[in-house]
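The chain contents come next:
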Amino acid sequence: MRRSRSGVFARVILATGGAYFVTSSTLSVFCIILFASGMPRVDVVALGMMLGFILYLCLALWVFSSRRLWQVLTMFVLVLTAENCIFFVIGH
Amino acid sequence: MDQNFRRSMGWMHTWAGVVLGSILFAIFWMGTLSVFDSEIDSWMEPATRLPAATSPLPLETFRPSLNDAITAKAAFWNVIMPDDRQAVVHVHYRTRQKFITREFDPVTGKELPNSGTLGATGFIFPFHYTLEIRLMNIGEWVVGLASMSMLALCVTGIIIHRKIFSEFFTFRPNKNSKRLLLDIHNMAGVLGLPFHIILTFSGLIILSATFFPSNVKAVYPNPRDYFFEVNGLTFLPIKSGKTGAPVASLDKAALFARKVWAGAEPHTILVVNPGTTTSRMAFFRECDRQVVVDRDVISFEGPTGKYFSRSPTPHLIIRAERFLSGLHLIQFHHWALRWFYFILGLGSCVLIGTGFLFWLETRRKTQNNTFGFRIVEGLTSGSVTGIIIATLIFFVANRLLPPDAYLFGHDRATLEVWSFYLSWLATFLHGWMRPRQMWIEQSTTIGVLALLAALLNWITTGDHPLRTLFHRYLWPVAGMDGVLVVGAALALITSMRLSRRARLPNTLRIPSGEHL
Amino acid sequence: MVSILIYMIFYLIIFISFSLLALTQFPHRRATKTSELSQNAIFIARLLAGFLQTSILIMAVWHDGGGFGFLLWACLLSLSAFSVSLILGGRPNLLAPLARQMVLLEYSDVNVHLNGSRNR
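Residue numbers (the working numbering), protein chains in the order written: chain A, 1 to 92; chain B, 1 to 516; chain C, 1 to 120.
Take these hints with a grain of salt, some might be off.
No farther apart than 25 angstroms at their CA atoms in a straight line, the calculated lysine-lysine pairs in the BS3-like style are these [said to hold, decoys possible]:
| id | chain 1 | residue 1 | chain 2 | residue 2 |
| --- | --- | --- | --- | --- |
| 1 | B | LYS98 | B | LYS73 |
| 2 | B | LYS242 | B | LYS259 |
| 3 | B | LYS365 | C | LYS33 |
| 4 | B | LYS110 | B | LYS73 |
| 5 | B | LYS239 | B | LYS98 |
| 6 | C | LYS33 | B | LYS175 |
Quick caveat, the hints were computed from the structure, so don't treat them as lab data.
Using the sequences provided together with the hints, build the complete structure.
As structure tokens, this is what we get:
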């Protein structure tokens, strides 16, 4: 399968780094929300970890399978911004 | 399924496999060996091959080493009592400079001479999850990346496998080598899929706090608190006190713990900040009859020996987490399962190895002499057969180096590790320099080295197979020798077959067994 | 020792169940030189295999407890599937008797039909 070198590079970066940061910030928000709703914090973090790897896997596969890379990129940026906003509103 | 989707998944499978396959093979190989880490330890440290004690020693026997730890201002000191897999008592403590391990005879309580090796628990097991790259946890991050890609490889492998059910049991040993490699790859992948996925996933879970620190930081002001809480070590975060305080009687505390546990024995005894006014003693109950690692911990105040706390019973989610980490860490006592893990782990190694070989085989005709092909070829030889050779050299060096070996400022244990790395490097070079003969030569080397290791064990310790088989406490050694001999036989058969095929002219290589 | 025997029995039964599954597939029936089965017999064979595997899961859990039993069962599934593949690849003749016996499923199938029609 032919792909441009820069496209491949962008996909690899997006699948490892991008998906990682999206997962990480999603997990933080997930933890804060569940913790605020009264779950013990050990449980919250342990549950978040287990789900986090699955989310990361799905995101990474999505990056490689999607045909239009800019869609993925926009989605990632949107999610990251939204979650950081939530983080700032609730987390502090 | 969408053709384009499948093709992009296939692309990802190929390249993630080629790029990270060597690391994955190293992780899986070392992990497979770590299944029997205590057994390999007793093979590598002949002084610890002792019959099991009938009753545990009083804990005060180890008081002198505790006093040593106190004078060295150790951060902790612990005793690990003998169990079914290891007969000797291990004492560990960490001073400012280094981590010290001492071993004691379980019957007399006398200290055993320094074994001069890191063994499996000191080298092979840490290599499994850190690749021995300690700098800034880079090793753990690389292992994490490789594990994530292993999960991705499993999923993409299923997606690109066209006939997963109709070829579920398909294995055609008589077809051409490309088809055969793909069959083995599919067989190891599909049939071992639960093992690959669950073990990779649980491995990630164990190191999850390293990989997603922000998750912990979101709800814990101090991330260490999560570690303590999830492991039932909430008695640990203590302020450092003044030095000069004693540590109360360990046996009295152990008596209390036994009474609480209705007679169960403590497996690990830990003293944190020994010799200070705020020290704590903790007794971890043995829990080798279950998969879940929920060790009941009872802690005492160090200087007075007063009861301090007992770990709470974990909730459902924590139990699930500990089930996953427990099934990965295999601290339990179950011989059949241990062997199954070992065999399935070898299956994972076969999966990764055949993946590499298939990549090479599909490109051998078209791009035999391109730079990339040669790179991957050398990489494959070094990372598949090479790490096996290096491990065997590690074992052979362990038997050959004299007890007081000292070279270029390195002690015996370090020299063993160096022999591992140097021979590993040599196999890469060999793969690049002799691409035509490398598989034959390297599998012959594996066979010879494995036989040599088993033979050296006999010569240097006198524990020959007949003797090891008839003494229960020598079974670990017998098992290791047995695996070495079987492995040697397999490697030699492989190399003989390969060289016979290499001698056949190309035109004769028509797949036989096509009569139907 | 008793445990080893029990695990061997577990392994054998799962091995048979996987052989049943494999021998419903055309290439493997051809390799064992037996005739193809009807759809109904294939269905019964697969049902039987599923039943055997589930019952081994239950027995393993009963013998070893929840965690160990489940892990043991999962490992045995992989291992016996491996051995079925290896045998079908190398010595399919070893499974020929079982493949021939599977024709019995066909007959029982017919009997059921006959009984059913008689009742009607």
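Ascending list of hint numbers which this structure does not respect: Hints 2, 3 not satisfied by this model.
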